[in-house]
Amino acid sequence: MTKLYLTRNPRVAARNLDGEMMIMSGRDSTLFTLNKTATILWQSADGNTPLSEIVEQRICSEFAVEPARALQDAETLARELASHEILKISDQPIGQESSVDGEPR
Amino acid sequence: MAMLQDRYEGYVHSSGEAEIEFNVELTVNRFADPDADVRVTQFNGRWTLERGDFRAEWEPAKRRGWIRQTANPYSIDAVLRIVHSLILARQGGFLLHSASVIRNGKAFLFAGVSEAGKTTISRLAPPDVTLLTDEISYVRKEPGGYVAYGTPFTGELAKLGENVSAPVSALYLLAKGTENRIDPVAPAEATRSLLANLLFFAEDEDLVQAIFHSAFEFVNYVPVSRLTFVPDARVWELIR
Numbered sequence: 001m002t003k004l005y006l007t008r009n010p011r012v013a014a015r016n017l018d019g020e021m022m023i024m025s026g027r028d029s030t031l032f033t034l035n036k037t038a039t040i041l042w043q044s045a046d047g048n049t050p051l052s053e054i055v056e057q058r059i060c061s062e063f064a065v066e067p068a069r070a071l072q073d074a075e076t077l078a079r080e081l082a083s084h085e086i087l088k089i090s091d092q093p094i095g096q097e098s099s100v101d102g103e104p105r
Numbered sequence: 001m002a003m004l005q006d007r008y009e010g011y012v013h014s015s016g017e018a019e020i021e022f023n024v025e026l027t028v029n030r031f032a033d034p035d036a037d038v039r040v041t042q043f044n045g046r047w048t049l050e051r052g053d054f055r056a057e058w059e060p061a062k063r064r065g066w067i068r069q070t071a072n073p074y075s076i077d078a079v080l081r082i083v084h085s086l087i088l089a090r091q092g093g094f095l096l097h098s099a100s101v102i103r104n105g106k107a108f109l110f111a112g113v114s115e116a117g118k119t120t121i122s123r124l125a126p127p128d129v130t131l132l133t134d135e136i137s138y139v140r141k142e143p144g145g146y147v148a149y150g151t152p153f154t155g156e157l158a159k160l161g162e163n164v165s166a167p168v169s170a171l172y173l174l175a176k177g178t179e180n181r182i183d184p185v186a187p188a189e190a191t192r193s194l195l196a197n198l199l200f201f202a203e204d205e206d207l208v209q210a211i212f213h214s215a216f217e218f219v220n221y222v223p224v225s226r227l228t229f230v231p232d233a234r235v236w237e238l239i240r
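Those sequence lines, one after another, are chains A and B. Number 10 in my numbering belongs to position 10 of the first sequence; there are no gaps in the numbering. Number 95 in my numbering belongs to position 95 of the second sequence; there are no gaps in the numbering.
Be aware that a few hints might be false.
[As the list claims (entries may be wrong)] Label-pair ranges, simulated between beta-carbon atoms: (1) V230(B) with E66(A): 47 to 55 angstroms; (2) A68(A) with D183(B): 41 to 49 angstroms; (3) A71(B) with G95(A): 53 to 61 angstroms; (4) E205(B) with D73(A): 28 to 36 angstroms; (5) E203(B) with T76(A): 26 to 34 angstroms; (6) T76(A) with P127(B): 57 to 65 angstroms; (7) D73(A) with V230(B): 42 to 50 angstroms; (8) S52(A) with E203(B): 53 to 61 angstroms; (9) R181(B) with D18(A): 21 to 29 angstroms; (10) V28(B) with G95(A): 50 to 58 angstroms; (11) D18(A) with E142(B): 23 to 31 angstroms; (12) V65(A) with D232(B): 47 to 55 angstroms; (13) L124(B) with G95(A): 55 to 63 angstroms.
[To be verified] From the structure, some residues in chain B lie toward chain A, with a derived Cβ separation under 7 angstroms: (14) P187; (15) A188; (16) L195; (17) E205; (18) Q209; (19) F212; (20) F216.
[Unchecked claim] So these bits of chain A aren't anywhere near chain B, every CB distance computed over 12 angstroms: (21) T2; (22) K3; (23) M21; (24) S25; (25) S29; (26) T30; (27) S61; (28) V65; (29) P67; (30) R69; (31) L71; (32) L77; (33) D91; (34) P93; (35) I94.
In case anyone wonders, no lab produced these hints; they're calculated from the structure. Where a beta carbon is used, it is the ideal one built from N, C-alpha and C, also for glycine.
Sequences and hints are given; from them, build the entire structure.
Here is the structure:
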């Protein structure tokens with residue numbers, strides 16, 4: 001199975017407030033509030049950690065979910081976030097463009 | 001000119017040096033659709049503002065611009081709102097869909113979409129309340145905190161705000177109900193509501209990021225609550 005790598009789009013604005021991750025598109029000012037799983041993907045999107053590892057270490061450990069199903073759902077979610085230009089996804093490791101605390105540099 | 005002087009009475013003065021100078025060119029029926037979406041873009045330091053009823057350009061570095069529109073007060077009003085939203089965004093402030101008033105030396109903002117009650121609560125204000133606007137609040141970030149200014153941008157009340165200012169004491173999110181009460185709002189919800197009510201049109205990533213972070217800063221600094229009210233003057237007993 002092809003590995004998927006995620007990185008944050010540095011062209012969005014992001015803040016975590018009381019556990020809620022809010023993202024605003026720099027392109028059209030659309031505001032997104034991420035759910036828990038999407039927040040984990042955002043926080044873990046360092047460009048180097050494959051999605052399968054994020055799911056195994058961050059999602060399966062937190063939610064009672066079968067690993068293969070969790071990976072499938074996470075990939076669907078990652079592609080949706082990419083379609084909104086919140087994340088960038090690639091089958092190759094990608095350069096880190098954001099800080100790890102949830103806010104673009 | 002008389003139409004504009006009347007519309008902006010209290011905000012017009014003959015300063016020798018204007019902050020920004022606009023040349024206004026009046027055209028006849030050149031622009032068709034005043035309900036078309038506004039488009040605000042920036043290229044090489046020059047802003048272009050377009051809507052169905054006007055086209056304008058503004059160069060902040062030169063403090064100059066031009067507006068091409070038909071002879072109506074709404075087009076220039078829209079240009080002024082947009083230009084001020086861009087200026088404020090760089091300074092940590094914003095224009096907000098809200099009524100605002102001054103009472104006891106403190107400014108109160110009442111935010112909400114159309115029909116939320118901005119005009120109603122403004123109309124119910126007792127005599128000791130100074131109206132800043134019933135539609136668009138002008139909020140600046142200043143060294144001592146946030147300050148609300150009066151604006152000539154009117155809503156249904158069609159009454160100019162006073163050209164005065166005061167430190168912002170509270171932001172209320174308006175809701176019509178069967179009783180008057182104030183409820184706390186969680187910071188995340190407060191920020192979402194604030195962002196939803198900001199006036200901002202520019203397709204500019206830097207400014208979008210700036211205004212996004214400004215909303216968080218504001219909520220961190222100014223108490224935000226939900227004000228549920230019945231449409232009579234007793235609601236003002238809660239606002240002091």
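Now the hints, each set against the structure:
1. V230(B) with E66(A): 47 to 55 angstroms: holds, 53 angstroms
2. A68(A) with D183(B): 41 to 49 angstroms: Hint holds: Cβ distance 45 angstroms, inside 41 to 49 angstroms.
3. A71(B) with G95(A): 53 to 61 angstroms: holds, 54 angstroms
4. E205(B) with D73(A): 28 to 36 angstroms: holds, 30 angstroms
5. E203(B) with T76(A): 26 to 34 angstroms: With a Cβ separation near 29 angstroms, E203(B) and T76(A) satisfy 26 to 34 angstroms, so the hint holds.
6. T76(A) with P127(B): 57 to 65 angstroms: At 60 angstroms between Cβs, range holds.
7. D73(A) with V230(B): 42 to 50 angstroms: Check passed, 46 angstroms falls within 42 to 50 angstroms.
8. S52(A) with E203(B): 53 to 61 angstroms: Hint violated: Cβ distance 37 angstroms, outside 53 to 61 angstroms.
9. R181(B) with D18(A): 21 to 29 angstroms: holds, 23 angstroms
10. V28(B) with G95(A): 50 to 58 angstroms: holds, 55 angstroms
11. D18(A) with E142(B): 23 to 31 angstroms: holds, 27 angstroms
12. V65(A) with D232(B): 47 to 55 angstroms: Between V65(A) and D232(B), where Cβ atoms are some 53 angstroms apart, the hint holds.
13. L124(B) with G95(A): 55 to 63 angstroms: holds, 57 angstroms
14. P187: holds, 5 angstroms
15. A188: With Cβ-Cβ at 4 angstroms, under 7 angstroms, it holds.
16. L195: Holds, about 6 angstroms.
17. E205: holds, 3 angstroms
18. Q209: It holds, given that the least Cβ distance between Q209(B) and chain A is near 4 angstroms, below 7 angstroms.
19. F212: With a minimum Cβ separation of about 4 angstroms from chain A (threshold 7 angstroms), the hint on F212(B) holds.
20. F216: For F216(B), the interface hint holds, since the closest Cβ of chain A sits about 5 angstroms away, which is under 7 angstroms.
21. T2: Since the minimum Cβ distance to chain B is about 31 angstroms, T2(A) lies beyond 12 angstroms and the statement holds.
22. K3: At roughly 30 angstroms from the nearest Cβ of chain B, K3(A) sits farther out than 12 angstroms, so the non-interface label holds.
23. M21: violated, 10 angstroms
24. S25: Given that some Cβ of chain B is not farther than 12 angstroms from that of S25(A), nearest at about 7 angstroms, it is violated.
25. S29: Non-interface label on S29(A) violated, nearest chain B Cβ at 5 angstroms vs cutoff 12 angstroms.
26. T30: Violated, since 10 angstroms does not exceed 12 angstroms.
27. S61: The assertion about S61(A) holds, with a minimum of 25 angstroms to chain B.
28. V65: V65(A) clear of chain B: closest Cβ-Cβ about 26 angstroms, beyond 12 angstroms.
29. P67: Answer for P67(A): holds, closest chain B Cβ roughly 31 angstroms.
30. R69: holds, 29 angstroms
31. L71: holds, 29 angstroms
32. L77: Correct as stated: the minimum Cβ-Cβ distance to chain B is 21 angstroms, above 12 angstroms.
33. D91: holds, 27 angstroms
34. P93: Non-interface label on P93(A) holds, nearest chain B Cβ at 25 angstroms vs cutoff 12 angstroms.
35. I94: Per Cβ check, I94(A) is outside 12 angstroms of chain B; nearest 20 angstroms; holds.
Of the numbered hints stated above, those contradicted by the structure are hints 8, 23, 24, 25 and 26, listed in ascending order.
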